[in-house]
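Those protein sequence lines, which keep their order, are chains A and B.
Sequence positions in the first sequence follow this note's numbering and run 1 to 175.
Sequence positions in the second sequence follow this note's numbering and run 1 to 236.
Because the hints were derived from the structure by calculation, they are not lab data.
There may be inaccurate statements among the hints.
What the hints assert, rightly or not - One-sided excerpt, in silico: chain B residues whose CB lies under 8 Å from chain A:
hint, residue
1, I100
2, Q118
3, G120
4, V124
5, K211
6, G212
7, W213
8, A214
Cβ coordinates follow ideal geometry from the N, Cα and C atoms, glycine included.
Spelled out, the chains give:
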Amino acid sequence: MKRVKLATVWLDGCSGCHMSVLDMDAAIITLARKIDIVYGPLVDAQEFPDDVDVTLVEGAVSSQEDATKIQKVRQRTKTLIAMGDCAVTSNVPAMRNGVPVSQLLHTIYATSNGSKDVPGERLPQLLSHARPLHEFVKIDMHLPGCPPSSKLIVGVLSDLLDGKKPELAGKVKFG
Amino acid sequence: MPKKLQLRIDGEMVSALEGQTILQAARNSGKYIPTLCYLDGLTPVGGCRLCMVEVSGIDRLVPACTTPIQDGMSVSTTSAKLTRYRKIMLELLFIERNHICAVCVSNGHCELQAMASQMGITNVRFSYNYPKLSVDQSHSRYVLDHNRCILCTRCVRVCAELEGAHVWEVTSRGIHARVQSDLNQKWGESRGCTNCGKCVQACPTGALAEKGWAVEEMIKRNDNITVLAHRKGAGA
Ligand code: SF4
Ligand code: SF4
Ligand code: FES
Numbered sequence: 001m002k003r004v005k006l007a008t009v010w011l012d013g014c015s016g017c018h019m020s021v022l023d024m025d026a027a028i029i030t031l032a033r034k035i036d037i038v039y040g041p042l043v044d045a046q047e048f049p050d051d052v053d054v055t056l057v058e059g060a061v062s063s064q065e066d067a068t069k070i071q072k073v074r075q076r077t078k079t080l081i082a083m084g085d086c087a088v089t090s091n092v093p094a095m096r097n098g099v100p101v102s103q104l105l106h107t108i109y110a111t112s113n114g115s116k117d118v119p120g121e122r123l124p125q126l127l128s129h130a131r132p133l134h135e136f137v138k139i140d141m142h143l144p145g146c147p148p149s150s151k152l153i154v155g156v157l158s159d160l161l162d163g164k165k166p167e168l169a170g171k172v173k174f175g
Numbered sequence: 001m002p003k004k005l006q007l008r009i010d011g012e013m014v015s016a017l018e019g020q021t022i023l024q025a026a027r028n029s030g031k032y033i034p035t036l037c038y039l040d041g042l043t044p045v046g047g048c049r050l051c052m053v054e055v056s057g058i059d060r061l062v063p064a065c066t067t068p069i070q071d072g073m074s075v076s077t078t079s080a081k082l083t084r085y086r087k088i089m090l091e092l093l094f095i096e097r098n099h100i101c102a103v104c105v106s107n108g109h110c111e112l113q114a115m116a117s118q119m120g121i122t123n124v125r126f127s128y129n130y131p132k133l134s135v136d137q138s139h140s141r142y143v144l145d146h147n148r149c150i151l152c153t154r155c156v157r158v159c160a161e162l163e164g165a166h167v168w169e170v171t172s173r174g175i176h177a178r179v180q181s182d183l184n185q186k187w188g189e190s191r192g193c194t195n196c197g198k199c200v201q202a203c204p205t206g207a208l209a210e211k212g213w214a215v216e217e218m219i220k221r222n223d224n225i226t227v228l229a230h231r232k233g234a235g236a
């Protein structure tokens, strides 16, 4: 049987969703027989491959870099899954949305950090708002939760491998 | 003694008393209609529109919590159309304010969050509004966080109808509407507030909470409000 190519992507999130993926314990043995992890923070690949079957994306789109990346990921992925509340709703990263970016950076780097100025060109260029993935690209499935449980992620991946559509009503919640 | 009326709910014949609402008739016969602004014991206001149902012969949807039953009425509580509208209504509540469940005192105990989960809402299709809203921490025991308020007015009604203090009101209109205490004073400066906390218990979300609780810790007991209201014979 052809192995399914799985990628994971980490945008503006705390890595908690990736921890949830890692937390699947023994289930990884069963899954590993059927999938190859081809890209993501858990593996070494530098470039997002051309023909990924399933991609799990953690995090909101907060910078120009995130926005460019998610477009590329979409083009190269068959089933794109928004994993966790930051990807689904923009969640905690969006708590800065009420503050203009220049003021935000100034507060973080100059006021509260005691440094004189903001390290301009070394920072990724922030968008005016952190926004959910579906405002940038078409998302095939949303897995809310902060983080979504390991069990849920394993369940969804297993269903997809079996060619089934995961049933999420009553099983997921925001937060 | 009110007259007994007969009606059909989802095809099943039930009887209820004249003057009762569709929601009351449904609940008394064990039928479920989703609600948010309704709280048993307080006067229904028909604000959230989640309880919308179809009535044969009427070409618009009606809120079950405020619509009185009529003899021979035939009501449908579920349909693809109702589900579609109910989901839209909930999603609009999520975009209107800042609902960041992961860091909310009511996470895991919130009626809005639970309703979204139950209805299978996995994401919100509309653009978030990200309004800049204040948090009133001036009261010694409670907090009001406008970021989480859905303007259900349960706080307004419980304070006026059960406590008799009428501290809460809704000020401004549309997207600018806010609950306010007394004449738009800080809650801590309200002379009407008796510190009873009924508004906190009645609030379906994390908008009103007791101080001192962290994320997920605020558990409310609005069943007590219902019991108290029925004891006093208030509401319906
Ligand atoms: S009030 Fe409810 S829906 Fe809003 S953030 Fe808190 S838990 Fe989530
Ligand atoms: S504060 Fe709570 S009870 Fe009052 S209107 Fe807002 S959500 Fe409803
Ligand atoms: S419960 Fe009927 S309109 Fe809110």
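Hint check:
Interface restraint check: B/I100 against chain A, minimum CB-CB distance 6 Å, threshold 8 Å, status holds. For B/Q118, the interface hint holds, since its Cβ comes within 8 Å of a Cβ in chain A; the closest pair sits about 6 Å apart. Interface restraint check for B/G120: the shortest CB-CB distance to chain A comes to about 3 Å, inside 8 Å, so the restraint holds. Restraint check, B/V124 versus chain A: the minimum CB separation of about 7 Å is within 8 Å; hint holds.
Interface restraint check for B/K211: the shortest CB-CB distance to chain A comes to about 21 Å, outside 8 Å, so the restraint is violated. A cut of 8 Å between beta carbons decides the hint on B/G212: the least distance to chain A is about 20 Å, and the hint is violated. Because the beta carbon of B/W213 sits about 15 Å from the nearest beta carbon in chain A, more than 8 Å, this interface hint is broken. At about 14 Å, the closest approach between the beta carbon of B/A214 and any beta carbon in chain A exceeds 8 Å, and the interface hint on this residue is violated.
When each numbered hint is compared with the structure, violations occur for hints 5, 6, 7 and 8.
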